[in-house]
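Chains as they are written, first to last, in the numbering used here: chain G, 1 to 338; chain R, 339 to 664; chain Y, 665 to 989; chain E, 990 to 1487.
None of these hints come from the bench; they were simulated from the model. Quantities reported herein were computed from a predicted structural model and do not represent experimental measurements. One or more hints might be untrue.
[What the hints assert, rightly or not] If you want the footprint, here are the derived chain Y segments under chain E, 3+ residues with CB under 8 Å: (1) 830 to 837; (2) 843 to 852; (3) 861 to 873.
[As the list claims (entries may be wrong)] Chain R side only, calculated, beta carbon under 8 Å to chain Y, not exhaustive: (4) Ser-399; (5) Tyr-409; (6) Gln-415; (7) Gly-468.
C-beta: ideal position from N, C-alpha, C; glycine also.
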Amino acid sequence: MTAVAERVESSAKTRITHKVFLVRELGILVALVLLIGITAITNPRFLSAQSVKDLLLGSTILAILATGQAIVVITRNVDLSVGSVLGLSAFLTGTLFLDHPGLPIPVVVLAGAALGAVCGAVNGALIAAARVPALVVTLGTLYVFRGIDYQWAKGKQINAADIPAAFLHLGTRTVLGVPVLTVFAVVVVLCAGYFLKSYRSGRELYAIGSDPTAARLSGIAVGRRVFAAFVASGALAGLAGVLYVARFGTLDANAGNGQELNVVAAVVVGGVAIFGGSGSVYGAALGAMLLTTIGSALPVLGTTPFWQRASVGALILAAIGLDRALSVRVAKQLGGAK
Amino acid sequence: EDETPSSTSSGGTGGGGIKSGLKVAFLPKQVNNPYFDTSDNKGGKVAVEEFKGVYSETGPSEASPSAQVSYINTLSQQGTNVIAVSANDKDAICGALKEARTAGAKVVTYDSDTKPECRDLFINQATSEGIAKVQIKLISDAIGPDGGEIAILSATANATNQNAWIEMMKQELAKPEYSKLKLVDTVYGDDDDQKSFQEAQGLLAKRPNLKGIISPTTVGVAAAGRYLSGSTYKGKVQLTGLGTPNQMRAYVKDGTVKAFALWNPADLGYLAAWAGAALASGLITGKEGDKFTAGKLGEFTVGKDATVLLGDPFTFKSDNIDQFNF
Amino acid sequence: MTGKVRALGTWDVVVLVALVLVVVIGASTIDGVASPRFWRFVTLEVIPIAIIALPMTLVVITGEIDLSVASVLGLTCAVMGDLWARGVTSLPLLVVLCLLLGAVAGAVNGLFVTVFGLPSLAVTIGTLALYRGLAYVALGDRAISDYPSSWTDSAVSAIPGLTIPWFILVVAALAVLFGVILHATPIGRGLYAMGNNAEAARFAGVAVARTKFWLFVATGTMASLAGVFWTFRFASARADNGNGLELAVVAAVLLGGVSIFGGRGGMIGVIGAVVLLSTLRNALQLAYVPANTLTIVTGSLLIASVVGPNVVGMARERLRRRRPA
Amino acid sequence: MTGPLLALDGVSKSFGAVAALRDVRLELHAGEAHALVGENGAGKSTLVKILAGAHAPDAGTLTLDGEPLVFAGPADARAAGIAVIYQEPTLFPDLSVAENIFMGRQPLRGLRRIDAAEMRRRTAELFTRLGVHLDPDRPARGLSIADQQLVEIAKALSFDARVLVMDEPTAALSGVEVERLFAVARSLRDNGAAVLFISHRFDEVFALCQRITVMRDGQWVSTDLAGELTVDRVVRRMVGREVSSLFPKQDTEVREARLQLRNLTRAGVFEDVSFTVHSGEIVALAGLVGAGRSEVIRAVFGIDRYDSGQVIVEGRELGKGSPRAAIAAGLALVPEDRRQQGLVMELSVERNATLPRRWSLASLGLLFGAAERREARTWAERLQVKASRLSDPVSTLSGGNQQKVVLAKWLSTEPRVLIVDEPTRGIDVGTKAEVHRLLSSLAKDGVAVLMVSSELPEVLGMADRVLVMHEGRLAADIPRTEADEESVMLAATGQVSA
Ligand SMILES: Nc1ncnc2c1ncn2[C@@H]1O[C@H](COP(=O)(O)OP(=O)(O)OP(=O)(O)O)[C@@H](O)[C@H]1O
Ligand SMILES: Nc1ncnc2c1ncn2[C@@H]1O[C@H](COP(=O)(O)OP(=O)(O)OP(=O)(O)O)[C@@H](O)[C@H]1O
Ligand SMILES: [Mg+2]
Ligand SMILES: [Mg+2]
């Protein structure tokens, strides 16, 4: 008489859906490999040691920003202030070197990340305590932090000559052909990814993004978790600011200006749902790599500068379209709507 | 006139005939830009203090013509006597400048000009020919007699002065002595450090035979220098352009860059302030042949199209760069 | 609840009161704010932002967003410049072609959002880059500025007897149109419903996808109208025209009390916010407040606009709770 | 008898002007199942949310084992051993079913990492205990309401709670699943837990509970042993008056065909469904949960597309995929999930009630609040919607009153074909009778009514004809005279075919 028995879901079917989930990140990876492959065939120099190093270095800062952004987006929030936080922290880094030339590098790195964390805490506190939409608050702090940066810098510029050579070498040195900065980024991404996957508080971030009301009812400290996510995003933006100095050497108060939309684009291209609850920082980091690689490959492929911007836009659309097509297939597999 | 850009010798007569209390406002393309910080706050401000005027600097935080218009409107309402402006667009701010002039302000453009009819004077840091000539000469010297492919890393695609220089460089390259140099590419770093850096990187990835880069913008040349000095192309691909000594010192020292050029931005702002004051005091009207004294820089003559020329660009090399600090 | 402060039209009042305060305090303490010229400049600045903010209000109320508007504006300027340079000299033809272009650009956004079901934030970040890129493709590094001065002058010429440009009347008419659609038509009811719960709206017979599609078309068209105005106002068509304007528009819409999650907000608040932001900025500029401080003020205002009502709401709730029942 | 395990005393709670609870008391004893009954809006869910720590009471005390307790949030209540199944499922659609169950309490291994394998194993165990056939790894997105409810139940069980609170857990479940749930609840109870059970189905109340508390208008009315009560007495206390026949279906003459389905098929969901509903007729669509009934009517109404077949309304074929067209053709659909599909929660009662009629209420294309208010007031009075102000968001209404707003919304369109999906889910007895009377009188006025219902008594009492679905196919078409519990169940479980 058990009529429900027919509704058992075959485990084979589930395994397929698991695979498709994996494909989300895999898809970006494939796109990345394809892009690099095609470009390399057109111009083999694209795979020269120097060029590969440039590619990796180029993605590093965006990948770190995207990791922080992904953490926030997973909780159904967004942090538009990352570009400004990067600018502030980069300027702090430069100023520290300028005013205290003897300062050990780790102290400076920590100071940059700490400043970022403070900015993130401001965002997080406003959002969590006053329960207001993150997009509005961080659009506001985008202006505020940048304004503070301008006010502080007052048109000053910090040049490579002001920064200790040892620190600048961080930006160029490689370990087994991989730039040190990239190693840094990979460690950050892996740690963040593992934390989100394997720790209760990490999973709670997904829960919050999936349904904030349900999260509150299940006893999750929503405010505290969201606050923490913003602090993390801020700290990573701060870290990115420090790395920015190591990489570019020259900087003024405009560092990171306009980065926010690139970061959000990287996260979205990386398969993190903009309405929270799903996606991974690995995907976001890959999305950042893909975007940077597009930026580097287009000139190599001979695209005129005027077409490059348009192509980036078209590729962003293509990437999110593809991701959508994949997730629709997953949904179909599950026999559910939407 | 002194040959070096930071001329301090030939002392002018000071504020002779200049009205005191003139309100002089500097409106750069963008505040927070170190180049304009030098020209306005280290040059213009000094001049205004010398002739006992009231100095101010104002402007948008991003280099867009529409934002500049809003500031021009404000300045004209504030009863400013002299507006010294570096135009983000040669046409877009014309309407606002006209209204400001109707309201009684004298308009001096510096660094980047508008259409001649929109302003009273243009303070030209160097002629386009002069800039183009020196850049091509520098890159040719750096690359050597065999020549090869070169590329330009410019600022924004719409920058008036950049495009004028690029045009002149092409004419210069047509000369027989540069027949071995071939301009293969022009890319735009948008005067953004990061973007310029990536464009430099893209150039080298794309052009295996590239021998030299000219970047006629301070942001671009610094970014390209930074990229080259940290890459395997250091010393193999030559770089020159318009840069400031402080930004470029490290790259000249480490051999990435042999020589580059620039005028003294502080002198540019200084001259613009004096020229504006002379206009506002009725000493000159801006017609060709008018003469006025610009403090320590001495006497200048208004040339064709109401233009005043600061001088020739100055070339910085490893043996003279340490004498400068800006 | 906290939403109430923003919901019941009270936010409109807050914005309008703030505007009046800024005007009164500005006029009495800052030289020039009371002058007709000041208002001419403010109006000129308000026009393009308001034109785009009108349809954007509707879009955000349905829970979507269009970040590509400034790029559509730039693309319009570029294409218009290019057409002019190629010898298309009929003004009506140019305007019609440009509006059509904007409509197509909006339709592409709408297609991605409604047919493919992609989030509009992501789509329009993509088309933000795409349209701006196409603007560069169309115009490259050229700046087209040789429009007849009769065109460029007429765009900014004043209403006879006043200093205010006549074009504001067009904007006012459009504002009434969009305001009525939002607040006093069945379409408007549908917009609020789908902004709050698209599924329930669909069950109630609201054509969610179709409405959103046309809203994106409207936004594109209005953005290109703003582009036409921009071209004439600045007498210069460049590929980078209006760069970054999208954030100014979104900031005004949000400050005007529209919820970023959709379903809440009104037209009066948005128009008040557009005027408030421009007035405040110009007044502070006149008072020699530097650009950097203005940036901070704009940001703080935006934050205050959402934090303020919520804090008031929470305080009220706490007071109520403390009073013995 | 020992003291109560959990006790509430003098609890009050108001939302703005609405006093949801006034001076309420409740005592739950270990090893006892306790029912809480009352009309819609009586304050039952509010009480539950106070027990769960989701609402802070304005006044009153809460004691557990004689110790006074103050909950700062749901986490505190959980920590105190109180497990709650809310009236509306609170799942995370993006997370796996297993994670949904163990969120915040996932089993750990070294370095405080989550032990996913163990979590999966325990989920499977719980599902076996409940007889649920779901893959622990599948995401919660796409689960039917019934499955969602089952996951909620599994979640509550996983606590090994001392107090289990269930707010209408059975509203979406069919007989088999209800039986399983009760078996589990009984074993918990017998192991010393206290169970608080809320339901509008009295058979369930009496089958499970030893003690019954009745609430009315936010106030405590009575608490008695179940054995000392009868359904009639409970109802009288709840409603404050006598409630007559629950299923007053009057026979009406059946007229012309209004709605016809011809071989409607949607691959993998339903197949080859054909039937006709006539004017003046109430046709029930019965079947087990997941048989595909809702899917069929969604397709009819244009919410979902279908692959082949035809929908014919009054002789004219209805286009696919357009609810607007369906409404224009005279169809109305009261959907099964009122929170997601039936109502726009943040909009006011009046805006919700008039949403489908907004075009016809407009004059010259313009629509002003007055017209909507008038219309909404009429219908709110007719259906006795209990709301403090019609301009308040519909989210502030109790579940049952929300359901009435959905009904008002569709009845106001004066439909020619009314489709109702679980029309009385979560509705109290008084209102249920009201709804049934309403459906019946609509049918009498010539409306064709198609009713999806999982409540067999409702199906049998109301329907002129019973269609039974089994696994996406029409399994039987039983006239009123032949329809009884056995014939319907046999068809629903696939043991006879039409
Ligand atoms: N968040 C809220 N804001 C305002 N009023 C509310 C809120 N929640 C509940 N109410 C009101 O409190 C009263 C009690 O509602 P509650 O949900 O507790 O009823 P219930 O007994 O569970 O009814 P049902 O049987 O329909 O579920 C109702 O009048 C309702 O409108
Ligand atoms: N909202 C939904 N999203 C995705 N899938 C659903 C949804 N609702 C039901 N399903 C799935 O569709 C199939 C048919 O379910 P449907 O709800 O149509 O059955 P039903 O007979 O109407 O049952 P119920 O009494 O629960 O409404 C089931 O396998 C179910 O899991
Ligand atoms: Mg309830
Ligand atoms: Mg159903």
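Taking the hints in turn, this is what the structure says about them:
no., hint, result
1, 830 to 837, "violated (count 0)"
2, 843 to 852, "holds (count 5)"
3, 861 to 873, "holds (count 10)"
4, Ser-399, "5 Å, holds"
5, Tyr-409, "7 Å, holds"
6, Gln-415, "4 Å, holds"
7, Gly-468, "22 Å, violated"
Taken one by one, the earlier hints fail for this structure at numbers 1, 7, listed in ascending order.
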